[in-house]
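The listed protein sequences derive, respectively, from chains A and B. Going by our numbering, the first sequence runs without a break in its numbering and finishes at 699. Going by our numbering, the second sequence runs without a break in its numbering and finishes at 254.
Simulated from the structure, these hints should not be mistaken for lab results. Among the hints, a few may not be true.
Over the 10 Å line for every Cβ pair with chain B, so calculated as not near, a few chain A residues [stated by the list, open to error]:
| no. | residue |
| --- | --- |
| 1 | Leu580 |
| 2 | Leu599 |
| 3 | Gly628 |
| 4 | Val653 |
| 5 | Ala699 |
Capping the alpha-carbon separation at 27 Å, the derived lysine-lysine pairs in BS3-like fashion look like this [to be verified]:
| no. | chain 1 | residue 1 | chain 2 | residue 2 |
| --- | --- | --- | --- | --- |
| 6 | B | Lys211 | B | Lys190 |
| 7 | B | Lys190 | A | Lys578 |
| 8 | A | Lys643 | B | Lys225 |
| 9 | B | Lys241 | A | Lys651 |
| 10 | A | Lys605 | A | Lys654 |
| 11 | B | Lys205 | A | Lys605 |
| 12 | A | Lys602 | B | Lys190 |
| 13 | A | Lys630 | B | Lys211 |
Each pair of labels, with its calculated beta carbon distance range [what the hints assert, rightly or not]:
| no. | chain 1 | residue 1 | chain 2 | residue 2 | range |
| --- | --- | --- | --- | --- | --- |
| 14 | B | Lys225 | A | Lys687 | 26 to 36 Å |
| 15 | A | Asn576 | B | Arg234 | 15 to 25 Å |
| 16 | A | Gly585 | B | Lys241 | 24 to 34 Å |
C-beta atoms are modelled at their ideal positions from N, C-alpha and C, and glycine is treated no differently.
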Amino acid sequence: MENNEENAVSNSRVYEVGYLLVPTLSEEEVPAVYGNIKELVSSFGGEMIADEMPRMMPLAYKMVKVVANVRNKFDSAYFGWVKFNMDGGKVVDLKKKLDLDPKIIRFLVLKTVKENTIAAKRFVRGSVDKKPRTAKNENEEATPINKEEIDKEIDALIA
Amino acid sequence: MKQDYFSANNIKYIDYKDVEILKKFLNPNGKIMNHKKTGVTSKNQRALASAIKHARFLGLLPFVIK
Numbered sequence: 541m542e543n544n545e546e547n548a549v550s551n552s553r554v555y556e557v558g559y560l561l562v563p564t565l566s567e568e569e570v571p572a573v574y575g576n577i578k579e580l581v582s583s584f585g586g587e588m589i590a591d592e593m594p595r596m597m598p599l600a601y602k603m604v605k606v607v608a609n610v611r612n613k614f615d616s617a618y619f620g621w622v623k624f625n626m627d628g629g630k631v632v633d634l635k636k637k638l639d640l641d642p643k644i645i646r647f648l649v650l651k652t653v654k655e656n657t658i659a660a661k662r663f664v665r666g667s668v669d670k671k672p673r674t675a676k677n678e679n680e681e682a683t684p685i686n687k688e689e690i691d692k693e694i695d696a697l698i699a
Numbered sequence: 189m190k191q192d193y194f195s196a197n198n199i200k201y202i203d204y205k206d207v208e209i210l211k212k213f214l215n216p217n218g219k220i221m222n223h224k225k226t227g228v229t230s231k232n233q234r235a236l237a238s239a240i241k242h243a244r245f246l247g248l249l250p251f252v253i254k
């Protein structure tokens, strides 16, 4: 907390913003809004890591957003997300900006990790099966080394 | 589910966007299942609960299934 420059480096961490866009946007408008959000993030010094185009999806429940004193109910929305590296203090400002956007129904800012967090297809059976097999192989490799000694011991016993 | 699903599948970070995985841990009413039922470690159960709650906030998962 003594050196400002040091703080700027150490405070930088990975954030993710998930957002829902109003379904009233047409398909052509979505890429523009998506570009604006990315621009907004980089204007606050955000370093892009990953993102996904907003895509139409049904919502699990109805959401209400008041725009210009009108209550709008939505049961579907465009869901998209961006992952970026940003200074901790600036995220608060980013939040305030996103709050004002009438095209965003809701958004969620989260701390996350740089790695891709969406799990690939499941390999449960494969990974579980492989472990015992390798263990067996090691045992097989270990036995031949002792073979000569064992033979000698057997010979000695016979003799 | 006796074993921890997340360590078995090598999932280090439980993502709220991974709805297909999170759905496995909801009961028919949409409630989060008990750790005794899920078999998930305490640490992962806590992460799982917050991931489900984040997904609910963004409408990816329901709060209740009627």
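Where does the structure disagree with the numbered hints, that is, which hint numbers, in rising order?
-> Failing hints, ascending: 2, 4, 7, 8, 10, 12, 13, 14, 15.
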